[in-house]
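2 protein chains.
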Amino acid sequence: MKLYYSPTSPFVRKVLITAIELGLRERIEIVPVDISPVEPSDALNRTNPIGKIPTLVADDGTELYDSVVICEYLDSLQGGRLFPASGAARWQVLRQQALADGIMDAAVLARYETWLRPAELRWKEWADGQTSKIERGLDVLEGEVGGLAGLTIASIAVACSLGYLDLRLGHLGWRDRRPQLSSWLAEFAQRPSFVATRPPG
Amino acid sequence: MKLYYSPTSPFVRKVLITAIELGLRERIEIVPVDISPVEPSDALNRTNPIGKIPTLVADDGTELYDSVVICEYLDSLQGGRLFPASGAARWQVLRQQALADGIMDAAVLARYETWLRPAELRWKEWADGQTSKIERGLDVLEGEVGGLAGLTIASIAVACSLGYLDLRLGHLGWRDRRPQLSSWLAEFAQRPSFVATRPPG
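Protein chains in written order, with our numbering: chain A, 1 to 201; chain B, 202 to 402.
No wet-lab data here; the hints were simulated from the structure. For clarity, every value in this text was computed on a predicted model and none was experimentally measured. For every residue, glycine included, the Cβ atom is placed at its ideal position computed from N, Cα and C. Do not rely on the hints blindly, as some may be mistaken.
A few chain B residues that don't get close to chain A, going by computed Cβ distances all over 10 Å [said to hold, decoys possible]:
id : residue
1  : Tyr206
2  : Leu225
3  : Arg228
4  : Leu295
5  : Trp316
6  : Gly348
7  : Leu352
8  : Arg379
9  : Arg399
If the Cβ cut is set under 8 Å, some of the chain A residues that face chain B in the computed set are [unchecked claim]:
id : residue
10 : Pro40
11 : Asp42
12 : Leu44
13 : Gly61
14 : Thr62
15 : Val68
16 : Ala106
17 : Arg111
18 : Trp115
19 : Pro118
20 : Leu121
21 : Trp126
22 : Gly129
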């Protein structure tokens with residue numbers, strides 16, 4: 001399999017941690033790309049016209065995106081360990097994954113607004129709106145730490161969202177009012193899969 | 202069930218068409234909200250901290266988002282008609298749904314850039330970058346129309362993405378170089394579920 005990759009993308013990290021935890025990492029060839037919404041990659045665009053990473057090409061040539069689809073595909077190769085197959089457990093895990101992905105989406109948009117966009121074109125209300133999504137999402141996660149016990153796609157996604165805040169939005173100080181979530185990440189962060197995918201500082 | 206709703210959101214339309222096609226529409230109470238990333242709704246935020254629609258509250262109180270999760274949940278209530286359960290068919294449908302959702306995401310961001318954001322803060326390269334994602338996505342769909350035969354979450358998502366382009370980005374003239382996709386939508390658009398969810402003009 002081939003994975004279009006950047007070392008700082010939280011969505012790519014979600015796929016890589018999933019692959020490591022499932023014992024599939026050795027089957028994946030990394031294809032680094034350096035992209036933003038205003039700096040596309042032709043090679044990536046030929047595989048995923050939306051031009052986002054992660055994008056996976058399976059061994060039979062099947063092209064897969066986005067990260068939600070890729071992670072469930074990888075999980076299916078190993079019999080389904082990270083995605084509950086049905087029932088309340090499935091909807092809880094998928095909703096929590098969507099919450100973590102929503103935090104990552106908002107964090108990436110906040111980062112684009114305050115770093116990629118020319119300084120004279122920045123809109124404070126937009127960046128503040130994205131930050132509010134992040135803060136509210138973290139508050140909900142603080143109350144749901146009990147639901148993150150065990151390794152699922154939800155716990156992987158939450159860990160990646162928090163790791164991205166540490167990388168790019170450290171000034172938010174997300175740990176300050178969230179002791180449960182902070183403790184939870186401290187434990188998750190000891191997993192070799194999290195250590196091995198730590199972004200460059 | 203309760204669905205946080207706007208008549209112009211393509212992601213809400215995806216959920217509503219799914220509900221209608223599954224015979225579940227009568228079980229869903231609509232809760233209109235008028236939001237943007239800089240104008241949140243407190244009521245919505247208490248259910249979905251990311252503050253996006255669609256958000257569904259199931260009869261047992263389970264909160265569900267985003268549209269991908271809601272649609273699969275609704276499908277599970279009727280035995281799984283729109284999401285293939287496994288195998289190549291599942292990955293094809295989920296990847297095509299992600300492609301259509303990616304077109305919608307890019308279209309919504311392009312709309313925010315050219316309409317919501319104050320005129321003096323607009324960045325042409327950003328809007329152009331989002332438009333390029335849409336154009337490339339449409340080109341891929343033009344070559345994949347054969348894969349959209351039959352009613353699946355992929356065909357529903359593609360129809361909603363094209364409907365949103367007609368609503369908000371008509372100047373792109375997406376039909377001009379895409380006769381297959383244009384014919385495909387003309388047929389899909391006859392479905393009562395598509396007619397009943399047409400956004401106000």
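Results of checking the hints against the structure:
Every CB of chain A is more than 10 Å from the CB of Tyr206/B (nearest about 18 Å), matching its label as outside the interface. Against chain A, the non-interface label of Leu225/B holds: every CB pair exceeds 10 Å, the least being about 16 Å. The claim that Arg228/B lies off the interface holds: its Cβ sits roughly 16 Å from the closest Cβ of chain A, which is beyond the 10 Å cut-off. The claim that Leu295/B lies off the interface is violated: its Cβ sits roughly 5 Å from the closest Cβ of chain A, which falls inside the 10 Å cut-off.
With a cut of 10 Å on Cβ distances, Trp316/B stays outside the contact zone with chain A, its closest approach being about 13 Å. With a closest Cβ-Cβ approach of about 12 Å to chain A, Gly348/B is found to remain outside the 10 Å limit, as its non-interface label requires. The claim that Leu352/B is not at the interface with chain A holds, since no C-beta of that chain comes within 10 Å of its own (minimum 20 Å). No Cβ of chain A approaches the Cβ of Arg379/B within 10 Å, the least distance being about 13 Å, so the stated non-interface status holds.
Non-interface status of Arg399/B relative to chain A is upheld: no Cβ of that chain comes within 10 Å, the nearest being about 26 Å off. At a threshold of 8 Å, the smallest CB-CB gap from Pro40/A to chain B is about 7 Å, leaving the interface hint in force. Annotation: interface hint on Asp42/A violated; nearest CB of chain B at approximately 10 Å, more than 8 Å. Taking 8 Å as the C-beta cut-off, the interface hint given for Leu44/A is violated, the closest approach to chain B being about 11 Å.
Nearest Cβ of chain B to the Cβ of Gly61/A: about 11 Å, over the 8 Å cut. The hint is violated. Satisfaction of the interface hint for Thr62/A is found here, the shortest Cβ-Cβ separation to chain B being roughly 6 Å, below the 8 Å cut-off. Because the beta carbon of Val68/A sits about 7 Å from the nearest beta carbon in chain B, less than 8 Å, this interface hint is met. Contact between Ala106/A and chain B, as hinted, is supported at the beta carbon level, the nearest pair being about 7 Å apart and thus within 8 Å.
The beta carbon of Arg111/A comes no nearer than 14 Å to any beta carbon in chain B, farther than 8 Å, and the hint placing it at the interface is violated. The interface hint given for Trp115/A is broken, as the beta carbon of that residue sits about 13 Å from the closest beta carbon of chain B, more than 8 Å. The closest approach between the C-beta of Pro118/A and any C-beta of chain B is roughly 7 Å, which is under the 8 Å cut-off, so the hint is satisfied. Interface hint at Leu121/A: satisfied, since its Cβ lies 5 Å from the closest Cβ of chain B, which is below the 8 Å cut-off.
This hint holds: Trp126/A has a C-beta 6 Å from the nearest C-beta of chain B, less than the 8 Å allowed. A least Cβ separation of about 4 Å between Gly129/A and chain B falls short of the 8 Å threshold, and the interface hint therefore holds.
Violated hints, in rising order: 4, 11, 12, 13, 17 and 18; the structure is consistent with all others.
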